[in-house]
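Peer 1: Chain A is already provided as a structure; the job is to place chain B on it using the hints.
If you want the building blocks of each chain, they are given just below.
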Amino acid sequence: MYKYDEYDQQMVDTRVAEFRDQVSRRLSGELTEDQFRPLRLQNGLYLQLHAYMLRVAVPYGTLSSAQMKVLGDIADKYDRGYGHFTTRQNIQYNWIKLEETPDLLAELASVEMHAIQTSGNCIRNISSDQFAGAAADEIIDPRPYAELLRQWSSFHPEFLTLPRKFKIAVIASDTDRAAMRLHDIGIKMVRNAEGEIGAQFYVGGGMGRTPMIAPMIRDFVPLDQLITYSEACLRVYNRYGRRDNKYKARIKILVHELGKDEYTRQVEEEFAHLLTQPIEPPLAELERIKTHFADPAFEAGLSDELDLSDPDFALWVGRNTQAHKQPGYVVATVSLKPVGGIPGDASADQIRLMAQLAKDYSFDELRVTHAQNIVFPHVKKADLYTVWKALEQADLATANLDTVGDIIACPGLDYCSLANARSIPVAQKISERFGSAERQAELGELKLKISGCINACGHHHAGHIGILGVDRKGVENYQLLLGGCEGADTSLGTITGPGFNEDGIVDAVEKATNFYLEKREDGERFLDTYRRIGMAPFKEAIYG
Amino acid sequence: MGDVRISGRPTLQRKAAPAVAAACFAEGSNAATVRVEPGEDARALLPQLEQIERIEISFPVWTDGRGYSSARILREAGFEGDIVAVGDIAPDMIGHLQRCGFDAFDANKPIDPETVKATLERWDNVYQATVVDGRQAIWAKRHPA
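In order, the protein sequence lines correspond to chains A and B. Numbers given in our numbering equal positions in the first sequence, counted from 1, plus 383. Numbers given in our numbering equal positions in the second sequence, counted from 1, plus 33.
The hints are simulated quantities; they were obtained by calculation from the structure and are not laboratory data. Treat each hint with caution, since some may be false.
Unchecked claim - Restricting the straight-line Cα-Cα distance to at most 30 Å, the calculated cross-link-like pairs of lysine-lysine (DSBU-like) are: (1) Lys548(A) / Lys480(A); (2) Lys894(A) / Lys856(A); (3) Lys772(A) / Lys742(A); (4) Lys629(A) / Lys174(B); (5) Lys812(A) / Lys894(A); (6) Lys631(A) / Lys548(A); (7) Lys174(B) / Lys386(A); (8) Lys812(A) / Lys742(A); (9) Lys673(A) / Lys142(B); (10) Lys812(A) / Lys386(A); (11) Lys142(B) / Lys548(A); (12) Lys812(A) / Lys708(A).
Said to hold, decoys possible - Covered stretches of chain A (chain B as the covering partner; in silico rule of three or more C-beta atoms under 8 Å from a C-beta of chain B): (13) 893–899; (14) 909–923.
Owing to the predicted nature of the structure, the values given are computational and were not obtained by experimental measurement. We put the beta carbon where it would ideally sit given N, CA and C, even for glycine.
One chain only, chain A, in its complex shape (with noise of 0.2 Å):
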């Protein structure tokens, strides 16, 4: 993975004094809070309900042990003993004190971590596969790319204060495991008919109150003209993104108001002038880059064979592994949602613990996932049983990736001052009520995904079954949403009808989902049998 040298750690250690400055300015209240307010959160510190709140960028999400290990430290130091991963690959904390952050930003920096820009009007953390450099799929592997655009992103004197908010994925497989085309701007890493690597760039997709699905504005980009071309998406929106109403600020809007082809005609000026300026870095910049993400040292000529007499091991090997591209490996993914858990919840331990296990059986490497769980790349077969052992002492072996019990939700009313309804309860009750290993082998692949507000954070609209929290004359109301999906057919979730309240919308969840059983041809998962047959007999389940 990637490693600092001089010039990166400088960066992130005048951040850190950068930002000392400022929360001593604001203590000794020569900043106002309004002044102090989108300074802070160019740091991802937010105020909460409760206290303040800090979100740690985990770049295009891939974490060493040793990262991993402070990230579990933190949580006890400064935390109350928990860290709580992200839709956006991320790790939060909700119990900050703003005059510890310097510090705790400084023990980041010690182990080549921030939380520059992970939150505030500018380019954000770039997101990208949880599976790179190991799915079997892939054509080339992501990251370097999104190094390249982290790079470039970070500090951007012109992007710092955008209309609104922007955040990048950068895919290289034709599974898209990141929601590439619900980003503002989404690249999938292509190769052309004479076999040259390019960037495809999606622009003007998101979830929030007006959910789109970003349009294709180029089939191909070449690799010495990726960060020109950027700047040219971003120059057009900085200049023209609406200003007048935070809700319609998102680049989605102005892609949507000017159209795709009158867009597209923007950025081709804009990046036909920007040619002419020596702004791209050299192709043996992004050659350095590449080779910090070279393979591990595979061992060759492994087995395949995997001993799969216990049965809970047996299940979750079904359930929670994926193919690796080197024989006698495997992707194993943590699933942070035990049943009744809190999604993307874990104890100081448990991160220590991954962190650990990470370092002794998965090359030093980590992922974090937009589901909100924890991946382990590169695992040896040989090894798998001894993690998952150790997995399943710590209430980590939960084998229910993809399923109804693996759910997405955004911290909602419990922690988030946006929020109009509680999400962690209600998933916490689905949960429980599709507690059974059996009931959810039974369902097979079905995403849920809750948020407690508008602004889709727990990404709603992509459910295959979504919820979504609202406030209903002063009392919490949820709304369901069928047939949403984030993959490479991505679509929109439709509301079924009429609100919930908290009980009534996991029985509702229920109907769905026996309706479905009743209703489901050979092979069909939920989100297939409600494509084929569509909303209205669901309704009438549900509502009848």
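Peer 2: Same frame as chain A, now just chain B:
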């Protein structure tokens, strides 16, 4: 409050005549000082750049970042006169202004000169080539020509 110089370039002109709004300027004017508001297209000035000595770019609120693009566009087009950020200038944006080609700022509220100095001196290195600030990007230092 008056200009505070942040670029190393020599001052070309003292602030003499009041600025003419870019919208009026485009309709025909011989003014040497022009004011560009956030919603205005800086490129509209390009045909007449040679007669302009000073361009004031307005920041009604510092969190509206359109002025940074305006300044870079003018510099990229070869504008050699003064570019001055005017309005709600926050201390923490001064370094970004300099990197986008501003020569000076004229802030609504005074900023302690020590703060200005510290902000401008804070970053030894930068990740991007903005071309207009004369600084070498980190990638250029990593790969000397």
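Peer 1: Does the structure break any of the earlier hints, and which numbers would those be?
Peer 2: The structure breaks hints 4, 8, 9, 10, 12, 13, 14; every other hint is satisfied.
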